[in-house]
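**Q** Heads up: the protein sequence lines correspond to chains A and B, in order. Residue 439 in the numbering used here is what sits at position 439 of the first sequence, and the numbering runs on without skipping anything. Residue 261 in the numbering used here is what sits at position 261 of the second sequence, and the numbering runs on without skipping anything.
Do not take every clue at face value.
Same chains, same names: a pair is fine if it fits in one copy or spans any two.
[Unchecked claim] List time: in silico SDA-like cross-link candidates among lysine to any residue, alpha-carbon distance up to 25 Å:
(1) K269 with G320
(2) K402 with R252
(3) K269 with R645
(4) K132 with R177
(5) K151 with C278
(6) K15 with G405
(7) K345 with G401
(8) K402 with M195
(9) K345 with L446
(10) K514 with P585
(11) K514 with G534
(12) K649 with H95
These are calculated hints, taken from the structure and not from any lab test.
Number of protein chains: 2
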Amino acid sequence: MFELIRRDGLARIGKLDTPHGPLETPALLPVVNPRLVTVPPRELYDAFGFRALITNSYIIRNDPKLNARAREVGLHAMLDYPGVIMTDSGTFQSHMYGEVEVRNEDIIAFQRDIGTDIGTVLDIFTEPDWSKERTAEAVDVTLDRTVEAAKLKDRMLLAGVVQGSVYEDLREDCARRLALIDVDVHPIGGVVPLMEQYRFADLIDVIVASKKGLDPSRPVHLFGAGHPMVFALAALLGCDMFDSASYAKFARDDRFMFPEGTASLGDMKDVHCHCPACQSHTYREIAEMGPAERTALIARHNLWISMEEIQRIRRAILEGDLWELVERRCRAHPALLSALRRLGKHREFLERFEPLSRDNSMLYTGPETLSRPALLRYEKRFFERYKYPGTEVMVAFEEGGKPYGRHYQQQIAQVLESCDAHFFVASPIGPVPIELDEMYPIAQSLFPDPPDLETKERIREQMEHLSHEHPYALGVAWDGEATIDTLAMMCRRPPSFNVDLARVRAVADYQFGKGAADLLLDGKVEIKKSETTGKIRNVLVSGEHILSMRANDGFFTLRPPGAARLLKGFAAPKLRVAVKDDAVPFNREGKNVFCAFVQECDPEVRPMDEVMVVDKDDRLVALGRALLTREEMLSFRTGIAVKVREGIKL
Amino acid sequence: MFELIRRDGLARIGKLDTPHGPLETPALLPVVNPRLVTVPPRELYDAFGFRALITNSYIIRNDPKLNARAREVGLHAMLDYPGVIMTDSGTFQSHMYGEVEVRNEDIIAFQRDIGTDIGTVLDIFTEPDWSKERTAEAVDVTLDRTVEAAKLKDRMLLAGVVQGSVYEDLREDCARRLALIDVDVHPIGGVVPLMEQYRFADLIDVIVASKKGLDPSRPVHLFGAGHPMVFALAALLGCDMFDSASYAKFARDDRFMFPEGTASLGDMKDVHCHCPACQSHTYREIAEMGPAERTALIARHNLWISMEEIQRIRRAILEGDLWELVERRCRAHPALLSALRRLGKHREFLERFEPLSRDNSMLYTGPETLSRPALLRYEKRFFERYKYPGTEVMVAFEEGGKPYGRHYQQQIAQVLESCDAHFFVASPIGPVPIELDEMYPIAQSLFPDPPDLETKERIREQMEHLSHEHPYALGVAWDGEATIDTLAMMCRRPPSFNVDLARVRAVADYQFGKGAADLLLDGKVEIKKSETTGKIRNVLVSGEHILSMRANDGFFTLRPPGAARLLKGFAAPKLRVAVKDDAVPFNREGKNVFCAFVQECDPEVRPMDEVMVVDKDDRLVALGRALLTREEMLSFRTGIAVKVREGIKL
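Isolated chain A, as found in the complex:
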């Protein structure tokens, strides 16, 4: 069973139960060659902290001595490793050397019998240069073998491999069919040639296609991904496990791995590394070591660096800056930058997992930042949901200090002295009505100055889109004091814009959907602000406290009277998570909603969205924030679906 502990978009920290205890992901599984041990498994566990490794059951099975020993004492005793052991099945050997001499059912039984924690189907390695027909046939064989293996697995977890070469539809179809089979882990296979050829952009397509089809409650393993350069990018797309023979292979060729790429000892003029393996050695010492000693040192360096990168990624998921980390890492090589650009192709998919807000600010690192799902989210919601205030004119400011309302305070006040105006800022994120200036990611983002061409072009496009949509009689770009004279001459109506009310309306529609503001604000509206910050704190309508605004991201938390209005006005399943009867009493007590008890959920719910927990008759049970999407809630068998803030007692 796999449990989601924390997530940021598709990236996640999870916990996989195995016969040898829980394995936290993201996890890197060092490859241990049973015939050529570079770093002893016990050291991997004790010194490095690797809680899982992968070894090859095909090699063990074909080596009479290893075979006998594995059957006799079991895999864990044979390797002297107390953690989780995954085994591969010989598929990679077929990629390297052609056919292998083993049948799927035999290798599955062998893995099971020697005590493997996670065994692997003997899938067909689909090469990137294969025709679509040949690939489709191979995928069918892989799926048949997976069905067969699932029947034999017993207590062993089973890895069912997604194949399909570079054909996105075949990958997605394979993944979808695998989701129906009783397997536990999903490696994405056949990708080593793509990584070896630096075809990282194609790798992106393969991962995304696979993720689209897979069951979200199973961990995804990127087979053969062993270079720390790609871990962050793959984790961002929801890969939970990696494995690496590279640490040892690279070491044998005197190659040091870094998140910024590989460095060959021969090309290096110095080492600069303070990892436990390198720290007490100079470049000269390393260069003058005997080959075995040097391989041992570099392999450990590669493992330390890989482990540090996995931990760095974990930290980024927890702290909400994985996008920034990935965008930095992808500057290691132009082929990775190509891959980063390829993410733009998948931003509709990525947006479905994009949280409502993050703790960390969004930092611009380059034109690729403009393709982030957070910007697509803003663009879509703004143009679909925003209701323009009925002023006569609109004044557009350039990007400026944040929050924009404070930065342009004086200009706004001047205009409003004589004019029925509303205000926009031409931000790289999109057209920002002044009242949305505190909402994530508007206030919580930083762009360099001056902007690059791609940013200028995006601003231009977005403002052009706005110009086709907006209902103002007149729209002008702010051009200093002269603008005020122009406006004073042309504007006929007195000022009507109320920024506080506009903020409540705009955030409500953006967050809860078009028309939410009308539903929530029907009656006499009172807005309470913080005396210290001047920010909106609470919204009362006809004396009832319906909304509170969060200072950090500018979004609302719902109060029960507000929820009652949305329940009444919006038909199910909108904004709801419906729970099963036996959970209702617990949730009414304020306890969290667990996945196992979710009956249905609004498919439009995004992580960190404010949701209403309801019973099967659509009665309000609790209020809280969704941690998962609908598909995730219905798929996971354990873990929290909604973090409940307030139960509604009967």
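Since the structure of chain A is provided, determine the placement of chain B on it from the hints.
**A** The following block gives chain B in isolation, referenced to the frame of chain A:
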């Protein structure tokens, strides 16, 4: 005395002689507060390997106990530190707390008397918000005090501080006047507020203005730069020394430094660091430590990370990928990205130090890469020096695989079957005639696919420039087979293009200057190629071996008969380094040219340029590659100016 050991552009590895032995740069000097020692100086030396530190003579002088002790046993014994000790003078205290109660001559004498290795003038800290007048007056005072201090320094090295606030002309003028005073190290002062306010773009202007005025043979110290986030960028601009109190200050606020920025323990959800300080501790252990213990740990973390970054930069200078490192580092924060863009303003200056080629490939990391001096170099030399072959038509290909000639081999052959054509590639680097496809950085560069808008725009501009300049009767963009039909119809002349001869001509003009090819190739030209690679190896004219082509960067090395032709055809000082009489016999023996013996040099010589070493009568003495620019050769008193490959015996 300061010696340049290695360089990449303005960045350098150097060696500064001090009373306590040589100090290798780039160097970070941890700040040791004599009243509040966070990490003992002995540990800085022994465990971390810091060979220099900086402490404050003003604090020591004002503390009766420290004052007495320093006078009695000397600074080194007092601090128990065997390395190089630099002292500050109280200037920063004046920035922090207003006036200080000490006179320049007294603090200089005090520093000298307690055995400081590098003492500092009591300069006036020019604040970024000062008026130009006030700044100019303060700079005059600083310069007067520097003159005074230089008389008092004795064996102590003296640091003469560049001031001038954010006024580039004042900075440059101050630097120029300092260059005339007998000081040994040049801190750039008054920059801490810029760094604190993340005004890194303004910091770039200040550093460049200072560098323009300073004597290149003295090390430059960026005063108060203690964050590893800025080291690479500052080193790229020629800063040799840094100092950091931040490691301890940040530690007291529970802040971890990384090259990617600062992380506060309170915001961090985990640590991921394997530095010697962190590696045996979990996040929880660190969070639960007592404040003193935690500060001690984080200070050491900050020092390890800073030291590792200095060593990383050193490696990058040695290996030729500092630009790539800097461009990656500047993705840590949009304010650093703004600074990276500001480099574009200074690319003419940077180009003067840009080497002819590097061992490492040029990797594109974003639009800012297009402002690199290597691209400006190509653009300038191509449009100034390139002589078009006299074909009737020109075919322009899009960017493709490299080398271009091989990638477009088939298309080129097809066109040449019926047409007098020449070929260009519309590369992001500029318009590349097909015969320059092996020359640095054309073949030795990688760009992502697809290109971003800024790259497309640059290509468009460059090709438009080409279209205004080229002499072909017809220029067409390659558009598949159709192009061949069109050309066959319009072209009237038979093919005349000889790619080998064109390559020799184009590289010669690009490398040695306009007209070089005509001088070198006057006679019967024979081109010898490698049998294995098919690349040009040697060029003979009228039976004399005049040039050899290097496989790695596609440039020529000169042979004596070639040099004779250039000497005859190009007037001095073009391509020459003239040496003093007493060096001539040594250089004729093939020994390197040392700075002290350089009489004159072509101001157009760039690092790694092929040069002719001549005597005062312009007779050829040796051939080799320049390591320095003219100003550097004439300024340094030690170190190699020209790496001689071949002496010319009489």
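**Q** As a check of your reading, is K269 near R645 (CA-CA no more than 25 Å) within one copy, between copies, both or neither?
**A** The answer is between: 22 Å across copies meets 25 Å, while 57 Å in one copy does not.
**Q** If the cutoff is 25 Å on CA atoms, where do K649 and H95 land: within, between, both or neither? Let me know, please.
**A** So K649 and H95 fail the 25 Å test inside a copy (61 Å) and across (61 Å) alike.
**Q** Evaluate K345 and G401 at a C-alpha cut-off of 25 Å and name the case that applies: within, between, both or neither.
**A** Result: close only across copies, 24 Å inter versus 31 Å intra.
**Q** At most 25 Å between CA atoms: does that hold for K402 and M195 within a copy, between copies, both, or neither?
**A** The answer is between: 20 Å across copies meets 25 Å, while 42 Å in one copy does not.
**Q** Checking K514 and P585: alpha-carbon separation at most 25 Å within a copy, between copies, both or neither?
**A** Cα proximity of K514 and P585: none, with 32 Å in one copy and 88 Å across.
**Q** With identical chains treated as interchangeable, where does the CA-CA distance between K402 and R252 reach 25 Å or less: within a copy, between copies, both, or neither?
**A** neither (53 Å within a copy, 30 Å between copies)
**Q** Can you tell me if K345 and L446 fall within 25 Å by alpha carbon in one copy, between copies, both or neither?
**A** Cα proximity of K345 and L446: in one copy and across copies (24 Å, 22 Å).
**Q** Which holds for K151 with C278 at a C-alpha limit of 25 Å: within a copy, between copies, both or neither?
**A** neither (47 Å within a copy, 47 Å between copies)
**Q** Using 25 Å as the alpha carbon limit, work out where K269 and G320 are close: within a copy, between copies, both or neither.
**A** between (36 Å within a copy, 10 Å between copies)
**Q** When no copy is specified for K132 and R177, does a C-alpha distance of 25 Å or less occur within a copy, between copies, both, or neither?
**A** Within one copy only: 18 Å inside a chain, 73 Å across chains, cut-off 25 Å.
**Q** Could you place K514 and G534 in one of the four classes (within, between, both, neither) given a Cα distance threshold of 25 Å?
**A** neither (27 Å within a copy, 68 Å between copies)
**Q** At most 25 Å between alpha carbons: which applies to K15 and G405, within, between, both or neither?
**A** Neither: 44 Å inside a chain and 53 Å across chains, both beyond 25 Å.
The structure is inconsistent with the numbered hints 2, 5, 6, 10, 11 and 12, although it conforms to all the rest.
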